[in-house]
Amino acid sequence: MKNETFDKARVISFSDAVFSIAITLLVLEVVIPSYKELKTGDTLLILKNRIPSFIGLVVSFMVTAIYWISHLRIMKYVSSINSKLLWLNIMLLFFIVLLPFSTAFYVKGFSYNGPFTFYCFNLSAIGLFNVLMNFYIIKKEKGLTGITPTLGKYHKIRALNGFLVWVLAGCLAFTLPMFSRFLFIFLFISEIFITKYFKKKLNQEKII
1 MKNETFDKAR
11 VISFSDAVFS
21 IAITLLVLEV
31 VIPSYKELKT
41 GDTLLILKNR
51 IPSFIGLVVS
61 FMVTAIYWIS
71 HLRIMKYVSS
81 INSKLLWLNI
91 MLLFFIVLLP
101 FSTAFYVKGF
111 SYNGPFTFYC
121 FNLSAIGLFN
131 VLMNFYIIKK
141 EKGLTGITPT
151 LGKYHKIRAL
161 NGFLVWVLAG
171 CLAFTLPMFS
181 RFLFIFLFIS
191 EIFITKYFKK
201 KLNQEKII
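Counted from 1, the sequence shown has number 116 at position 116 by this note's numbering; the numbering is strictly sequential.
Check before you lean on any hint, since a few could be wrong.
[Said to hold, decoys possible] EDC-like cross-link-like pairs, simulated, lysine to aspartate or glutamate; straight-line CA separation at most 20 Å: (1) 84 x 141; (2) 156 x 141; (3) 140 x 7; (4) 139 x 4; (5) 76 x 141; (6) 8 x 141; (7) 84 x 7.
[To be verified] Pair ranges (Cβ atoms, derived): (8) 49 x 136: 37 to 47 Å; (9) 65 x 101: 12 to 22 Å; (10) 48 x 194: 29 to 39 Å; (11) 145 x 43: 46 to 56 Å.
The set of hints was computed from the structure by calculation and includes no laboratory data. As the structure is a prediction and not an experimental result, all values here were calculated from the model. Ideal placement from N, C-alpha and C gives every residue a C-beta, glycine not left out.
Build the full structure now, drawing on both the sequences and the hints.
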């Protein structure tokens, strides 16, 4: 049905559940030490051997949190959910669900470029559908639910930031492997500056 709409509360509740389950599953990749390992008494070595797992957990957890916050913020401006928006949301959630696997794949092959590239592809796909959702909602709800041009620009730039950082990291994985692995730090730094810049403008409009 062309003009069919769906219950916003149910869509958001389902999305929150998927985010929370995916983010919880990430910790399962930090393998619990065996009795044999514990018996050695070398706690520092046990933890050192799990550094890749902790890196994967922290990065994936924080990135997922950023995407969830983005989802939380933009969805409050949605007046109704049509089929197009529903499917954009479903595709976003599909790649969120895939993240525990791609994180595990990256952690197991921590020193190899292939697993890292796949990990970047997964995060880029999440970023892509986040961008598409933000752009679509901003266009769809223009003049309806309080999205001003400045607020719309803020959401668009934040969405593009996450997408472009992971695309670039994936593209550089084979040519500049070490640089590409630390490129994610730019995501968090730029997020701070973007928010700081737009907060001043949005305060003038009394949005936040």
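To see whether the hints hold, each was checked on the structure:
no. : hint                 : result
1   : 84 x 141             : 14 Å, holds
2   : 156 x 141            : 14 Å, holds
3   : 140 x 7              : 17 Å, holds
4   : 139 x 4              : 19 Å, holds
5   : 76 x 141             : 11 Å, holds
6   : 8 x 141              : 14 Å, holds
7   : 84 x 7               : 14 Å, holds
8   : 49 x 136: 37 to 47 Å : 45 Å, holds
9   : 65 x 101: 12 to 22 Å : 19 Å, holds
10  : 48 x 194: 29 to 39 Å : 35 Å, holds
11  : 145 x 43: 46 to 56 Å : 53 Å, holds
In summary, this structure violates none of the numbered hints.
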